[in-house]
Amino acid sequence: DAGVTQSPTHLIKTRGQQVTLRCSPKSGHDTVSWYQQALGQGPQFIFQYYEEEERQRGNFPDRFSGHQFPNYSSELNVNALLLGDSALYLCASSLGGFGNIQYFGAGTRLSVL
Amino acid sequence: GIQVEQSPPDLILQEGANSTLRCNFSDSVNNLQWFHQNPWGQLINLFYIPSGTKQNGRLSATTVATERYSLLYISSSQTTDSGVYFCAVEPTGRGSTLGRLYFGRGTQLTVWP
Numbered sequence: 001d002a003g004v005t006q007s008p009t010h011l012i013k014t015r016g017q018q019v020t021l022r023c024s025p026k027s028g029h030d031t032v033s034w035y036q037q038a039l040g041q042g043p044q045f046i047f048q049y050y051e052e053e054e055r056q057r058g059n060f061p062d063r064f065s066g067h068q069f070p071n072y073s074s075e076l077n078v079n080a081l082l083l084g085d086s087a088l089y090l091c092a093s094s095l096g097g098f099g100n101i102q103y104f105g106a107g108t109r110l111s112v113l
Numbered sequence: 001g002i003q004v005e006q007s008p009p010d011l012i013l014q015e016g017a018n019s020t021l022r023c024n025f026s027d028s029v030n031n032l033q034w035f036h037q038n039p040w041g042q043l044i045n046l047f048y049i050p051s052g053t054k055q056n057g058r059l060s061a062t063t064v065a066t067e068r069y070s071l072l073y074i075s076s077s078q079t080t081d082s083g084v085y086f087c088a089v090e091p092t093g094r095g096s097t098l099g100r101l102y103f104g105r106g107t108q109l110t111v112w113p
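If you're matching them up, the sequences are chains A and F in order. For the first sequence, the working numbering begins at 1 and goes up steadily by one. For the second sequence, the working numbering begins at 1 and goes up steadily by one.
So that you can see chain A by itself, here it is in the shape it has in the complex (with noise of 0.2 Å):
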């Protein structure tokens, strides 16, 4: 059973590019959250994804969108790019209601140069 799965492990960026991330879910799960960790800080929420739509968001500006496709994976796309998204990205998945466990994926560490 493939827990959840990240890509790319890594990326290069330059200010002012656009970048996107993938997550696929643990298997049997419908609800995949995304987090972004700056360095010797806890994850902050981003967005949570639910049945194709955003269902709870951070505080975090319009450059940060995302998108949840039928088969519950997800992706993250971040716009003009700024030095300050420099940033671990995590993804969470979790089974459909609130207060349910959520397991993590290994990250994709973002650096905007």
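Fair warning: there could be bad hints in the mix.
What follows is a list of derived Cβ distance ranges for each label pair [what the hints assert, rightly or not]: (1) A:Leu39 to F:Ala17: 41 to 51 Å; (2) A:Ala80 to F:Asp27: 44 to 54 Å; (3) F:Thr66 to A:Gly96: 19 to 29 Å; (4) F:Asn38 to A:Leu95: 22 to 32 Å; (5) A:Thr20 to F:Thr110: 32 to 42 Å; (6) A:Ile101 to F:Ser75: 18 to 28 Å.
Sample of chain A residues facing chain F (criterion: CB under 7 Å; computed from the structure) [to be verified]: (7) Gln56; (8) Leu88; (9) Ala106.
In short, the hints are calculated from the structure, not lab data. The beta-carbon is built from N, C-alpha and C at its ideal position, and this holds for glycine as well.
Based on these hints, arrange chain F on the given structure of chain A.
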């Protein structure tokens, strides 16, 4: 939003020692999870424990929901226990926060041989 405070921020132990990590939170919760983040960034699930006590080998955890704290115990520590330990909670009762995990700043544990 809910506040999550972890203590101590740093902990240095010799192999074989025992330790207790604490997580205080400011509101009632649906979900509380303890994670170990390895050097490559992956968040490893240790416990899903919104209330009660659980044990898994040398690790155990207790959450006292009515008093809004959780404790993670590590016994007979090993060098492989080194890393950052995070507590994360999902608050109850408010639509805008359901399903999202709020993380503490973590405890950096270093175990020396």
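Violations among the numbered hints, reported as their numbers in ascending order: 1, 2
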